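J.: Following the hints, put chain B in place on chain A, whose structure we already have.
There are 2 protein chains.
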Amino acid sequence: MSNALPHVLISEVGPRDGLQSVKATMALPHKLAWVSALHAAGLREIEVGSFVPARLLPQLADTADVVRHALGLPGLTVMALVPNLKGAQAAFDAGVHKITLPVSASEAHSLANVRKTCAQMVDEVRAVVALRNAVAPHIQVEAGVSTAFGCTLQGHVPEAHVLDLAEALAKAGVDDIGLSDTTGMANPAAVRRLFKGLQSAVGEKAGAAHLHNTRGLGLANCLAAFDVGVRTFDSSQAGLGGCPYAPGASGNVVTEDLVFMFEAMGVDTGVDLDKLMTARGALKQGLPDEPLYGMVPDAGLPANFTPHVRPLRKSP
Amino acid sequence: MSNALPHVLISEVGPRDGLQSVKATMALPHKLAWVSALHAAGLREIEVGSFVPARLLPQLADTADVVRHALGLPGLTVMALVPNLKGAQAAFDAGVHKITLPVSASEAHSLANVRKTCAQMVDEVRAVVALRNAVAPHIQVEAGVSTAFGCTLQGHVPEAHVLDLAEALAKAGVDDIGLSDTTGMANPAAVRRLFKGLQSAVGEKAGAAHLHNTRGLGLANCLAAFDVGVRTFDSSQAGLGGCPYAPGASGNVVTEDLVFMFEAMGVDTGVDLDKLMTARGALKQGLPDEPLYGMVPDAGLPANFTPHVRPLRKSP
Chain A
1 MSNALPHVLI SEVGPRDGLQ SVKATMALPH KLAWVSALHA AGLREIEVGS FVPARLLPQL
61 ADTADVVRHA LGLPGLTVMA LVPNLKGAQA AFDAGVHKIT LPVSASEAHS LANVRKTCAQ
121 MVDEVRAVVA LRNAVAPHIQ VEAGVSTAFG CTLQGHVPEA HVLDLAEALA KAGVDDIGLS
181 DTTGMANPAA VRRLFKGLQS AVGEKAGAAH LHNTRGLGLA NCLAAFDVGV RTFDSSQAGL
241 GGCPYAPGAS GNVVTEDLVF MFEAMGVDTG VDLDKLMTAR GALKQGLPDE PLYGMVPDAG
301 LPANFTPHVR PLRKSP
Chain B
1 MSNALPHVLI SEVGPRDGLQ SVKATMALPH KLAWVSALHA AGLREIEVGS FVPARLLPQL
61 ADTADVVRHA LGLPGLTVMA LVPNLKGAQA AFDAGVHKIT LPVSASEAHS LANVRKTCAQ
121 MVDEVRAVVA LRNAVAPHIQ VEAGVSTAFG CTLQGHVPEA HVLDLAEALA KAGVDDIGLS
181 DTTGMANPAA VRRLFKGLQS AVGEKAGAAH LHNTRGLGLA NCLAAFDVGV RTFDSSQAGL
241 GGCPYAPGAS GNVVTEDLVF MFEAMGVDTG VDLDKLMTAR GALKQGLPDE PLYGMVPDAG
301 LPANFTPHVR PLRKSP
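The listed protein sequences correspond, in order, to chains A and B.
Counting from 1, one number per residue, gives the positions in the first sequence under this note's numbering.
Counting from 1, one number per residue, gives the positions in the second sequence under this note's numbering.
For reference, chain A alone in the conformation it holds in the complex (with noise of 0.2 Å):
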């Protein structure tokens, strides 16, 4: 990429984070028509889905024709996650173009939520990876590491342990590490730190900041991780899933309020502010009785607002 402004890439998680948190399920072409509506924003990575047994994630079973779909979009990177090596051959056999596959850093939520230990999820990312390797080397495979900055099960979560865990990770052969602070316990000190840290552990491969909004600090944490380098940030269009602003909440960052920041800021997220306003609509078709979330939405623009939208980018 040849910008002279500073640029980041958002990605996408609202068809994946947000529709696994809600209880109704969207019809399948209203989720093609958002991913659509999205794409045409200028998003360029979207997580489509989720390849899980249906009886688990019923409101995800049909990720395969939500990636089909998506193929066709131009320039997009169609993202999916995968909890395992069977997903992982589900999400292949789809033909994405990325998987995540989630490592809790916290041993207990691992076991309430895979119920594999951080080691035992390690040879499982392993496996993905020799997998990978032999039928679809093209495949990028992240790995985003959850309950990074703490965990409500276990409570506090090691700095050390997380990094040794994203070394592992890298060691088992993942193209990309994330963090996630799963539970809204970060704080911009904290972000700065741990990036830092995974930058030294794994260098190349630190990859994606995914916050959330529990506490309010959502776009700070952003702030912060942007300061020390990250340049992929997750986020949920309309904070779909939870409220960002309520107790309790999944609260992922609203992808509209954090491409107002960094457009405010003179930075690239190559995202038109009023197509994704229009995408929400498209959200709104499909789960119409889904709060839509949003400060900059409720807000408008101001007035003399000047976005630093560029040509769409070309590669994905």
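Heads up, a few of these hints could be off.
Label-pair distances were calculated between CB atoms; the ranges are [what the hints assert, rightly or not]: (1) A:D227 <-> B:A303: 38 to 48 Å; (2) A:G203 <-> B:D164: 42 to 52 Å; (3) B:R68 <-> A:G266: 44 to 54 Å; (4) A:G229 <-> B:H156: 27 to 37 Å; (5) A:D123 <-> B:A303: 28 to 38 Å; (6) A:G229 <-> B:P53: 47 to 57 Å; (7) B:Q199 <-> A:A160: 29 to 39 Å; (8) A:P291 <-> B:D274: 27 to 37 Å; (9) B:R193 <-> A:A160: 28 to 38 Å; (10) A:K196 <-> B:E204: 23 to 33 Å; (11) B:L56 <-> A:A160: 31 to 41 Å; (12) A:G266 <-> B:P53: 19 to 29 Å; (13) B:P158 <-> A:A108: 50 to 60 Å.
Keep in mind that the hints were calculated from the coordinates and are not lab data.
No experiment lies behind these values; they were computed from the predicted model shown.
Heads up, the beta-carbon is just placed ideally off N, CA and C, and yes, glycines get one too.
T.: Using the frame of chain A, we list chain B on its own:
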């Protein structure tokens, strides 16, 4: 101060900025109880009211009584807003420790708000300083540059104009010059640029950040200001005076959320978060029909949260 930790001063503006923005009037005994509760939580600077004609702001007509009470609270800097020389005289008579004069960087806003041009306001400030020097040389005079990051009436506010105004105010003899994002149009890059510019322009007189959360960037903007050396932050308990998460809101940064961010980062605010939550009760008693905001109050503190509360500081 001899703190090993970095520290900040949280300047609570709820009793002035909050109360002036709600329709209901808090009865005097409730105001006194609330100010005492804020002080008990460790806040050491409180803007307790405004010396303006009672016909304009009947909610603050009893400011002199609030000042009298607040002067009895040990270690507290008792602050009041004054719009002009007459207000300053009243504030000096009441015995405040510090006054703040709002001076708009937007001509349109200045004319609409105080029917004076920016230059006329600088003259007014000069007269206030002369009075202070003559009758009460121990009283601190702050000028707060409002609409420093943009104006809903005028649109763009040139940064050079803001800095010229700050220099003029420094020459007029004020002790501190703060910058206010009156309209919620700031972003972290602009905050860093303008506060660094302020420091270059007026040196040690560079003062507080008064930032709003209109578009969700309040805490990110505070972090940005902290990063470039700002150490005094205005905020309002419970975001009183307008939903900080809604359209058209006044939207002061919520004191509870701001204190949480800094304490979580290991930055000493001197404020006890539990006692700050208790002070919300005093606010609620005085204004039972007003909504109280705050993401940390809603979500609760993380289970393993260790605040960085220090022994209460002695000097104001």
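J.: Each hint needs a verdict: does it hold in this structure or not?
T.: So, going through the hints one by one against the coordinates:
{"no.": "1", "hint": "A:D227 <-> B:A303: 38 to 48 Å", "verdict": "violated, 28 Å"}
{"no.": "2", "hint": "A:G203 <-> B:D164: 42 to 52 Å", "verdict": "holds, 46 Å"}
{"no.": "3", "hint": "B:R68 <-> A:G266: 44 to 54 Å", "verdict": "holds, 49 Å"}
{"no.": "4", "hint": "A:G229 <-> B:H156: 27 to 37 Å", "verdict": "holds, 31 Å"}
{"no.": "5", "hint": "A:D123 <-> B:A303: 28 to 38 Å", "verdict": "holds, 30 Å"}
{"no.": "6", "hint": "A:G229 <-> B:P53: 47 to 57 Å", "verdict": "holds, 53 Å"}
{"no.": "7", "hint": "B:Q199 <-> A:A160: 29 to 39 Å", "verdict": "holds, 37 Å"}
{"no.": "8", "hint": "A:P291 <-> B:D274: 27 to 37 Å", "verdict": "holds, 31 Å"}
{"no.": "9", "hint": "B:R193 <-> A:A160: 28 to 38 Å", "verdict": "holds, 37 Å"}
{"no.": "10", "hint": "A:K196 <-> B:E204: 23 to 33 Å", "verdict": "holds, 32 Å"}
{"no.": "11", "hint": "B:L56 <-> A:A160: 31 to 41 Å", "verdict": "violated, 59 Å"}
{"no.": "12", "hint": "A:G266 <-> B:P53: 19 to 29 Å", "verdict": "violated, 43 Å"}
{"no.": "13", "hint": "B:P158 <-> A:A108: 50 to 60 Å", "verdict": "holds, 54 Å"}
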